[in-house]
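Trainee: This is what each chain is made of:
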Amino acid sequence: NAGVTQTPKFQVLKTGQSMTLQCAQDMNHEYMSWYRQDPGMGLRLIHYSVGAGITDQGEVPNGYNVSRSTTEDFPLRLLSAAPSQTSVYFCASSYGGTSTDTQYFGPGTRLTVL
Amino acid sequence: LAKTTQPISMDSYEGQEVNITCSHNNIATNDYITWYQQFPSQGPRFIIQGYKTKVTNEVASLFIPADRKSSTLSLPRVSLSDTAVYYCLVGDSGAGSYQLTFGKGTKLSVIP
Numbered sequence: 001n002a003g004v005t006q007t008p009k010f011q012v013l014k015t016g017q018s019m020t021l022q023c024a025q026d027m028n029h030e031y032m033s034w035y036r037q038d039p040g041m042g043l044r045l046i047h048y049s050v051g052a053g054i055t056d057q058g059e060v061p062n063g064y065n066v067s068r069s070t071t072e073d074f075p076l077r078l079l080s081a082a083p084s085q086t087s088v089y090f091c092a093s094s095y096g097g098t099s100t101d102t103q104y105f106g107p108g109t110r111l112t113v114l
Numbered sequence: 115l116a117k118t119t120q121p122i123s124m125d126s127y128e129g130q131e132v133n134i135t136c137s138h139n140n141i142a143t144n145d146y147i148t149w150y151q152q153f154p155s156q157g158p159r160f161i162i163q164g165y166k167t168k169v170t171n172e173v174a175s176l177f178i179p180a181d182r183k184s185s186t187l188s189l190p191r192v193s194l195s196d197t198a199v200y201y202c203l204v205g206d207s208g209a210g211s212y213q214l215t216f217g218k219g220t221k222l223s224v225i226p
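Listed in order, the protein sequences are those of chains A and B. All residue numbers for the first sequence refer to our numbering, where the first residue is 1 and numbers rise by one. All residue numbers for the second sequence refer to our numbering, where the first residue is 115 and numbers rise by one.
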């Protein structure tokens, strides 16, 4: 069991470039989510998915797109990167999306936008 | 909004008991309270979860009063390896749909 994997670990982009952060889990979890973590701000929810084909916005969705074509994968797309998107991004998964379900986090992707 | 509020930081000496309190005034009736630990350059990981009264596992204890508007994570006899950020998590239905939102966390520094 690899758990939750994220690629890449580090990425540097120029303003206006696009990229996709990959997230995959092998635990057959229905619920997956993306958070960004900035100094002093804790973890803020970007988007989440309760199952394949279903996604919804979190606290800070602007500038990000997601899709969920399979149970295993939940990629996060930045269409036109901005310096304000410099952050550490964490993907998480769980059996369900309620407070009783343990969230399993990936190792994170550190993104810098110049 | 079931937002959470925690102290930003705490310092403790090795061997002491540490108590971190989280307030969640608008917690839903059926929501659980979960605490996570995050080391630098890693994703958060589950520590403990509870609904009411007291829960204990091999790592920590969780105290939840009857009104459930707050919870206290207790770490017995901390060591340097307990230096981390601790988050409490409850559900949040304020945006119209149920979401899991973390607070800003409490940075615990254990001093030798």
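Check each hint, because a few of them may be wrong.
Here are the computed lysine-lysine pairs in the BS3-like style, where the Cα-Cα straight-line distance is at most 27 Å [stated by the list, open to error]:
(1) Lys117(B) - Lys166(B)
(2) Lys168(B) - Lys117(B)
(3) Lys117(B) - Lys221(B)
(4) Lys9(A) - Lys218(B)
(5) Lys117(B) - Lys218(B)
(6) Lys9(A) - Lys221(B)
None of these hints come from the bench; they were simulated from the model.
Trainee: For Lys117(B) and Lys166(B), compute the direct alpha-carbon distance and say whether it is at most 27 Å.
Mentor: With Cα atoms ~18 Å apart, Lys117(B) and Lys166(B) stay inside 27 Å; holds.
Trainee: Does the alpha-carbon distance linking Lys117(B) and Lys221(B) stay inside the 27 Å limit?
Mentor: holds, 18 Å
Trainee: Check whether the Cα positions of Lys9(A) and Lys221(B) lie no farther apart than 27 Å.
Mentor: Holds. Lys9(A) to Lys221(B) sits at ~24 Å (cutoff 27 Å).
Trainee: Decide if the proposed pair is consistent with the structure: Lys117(B) and Lys218(B), CA atoms, cutoff 27 Å inclusive.
Mentor: holds, 10 Å
Trainee: For the pair supplied as a hint, Lys9(A) and Lys218(B), confirm whether the alpha-carbon distance does not exceed 27 Å.
Mentor: With a Cα-Cα distance of about 23 Å, the restraint between Lys9(A) and Lys218(B) holds, given a limit of 27 Å.
Trainee: Is Lys168(B) close enough to Lys117(B), meaning Cα to Cα at most 27 Å?
Mentor: It holds: about 22 Å lies between the C-alpha atoms, which stays within 27 Å.
When each numbered hint is compared with the structure, no violation occurs for any of them.
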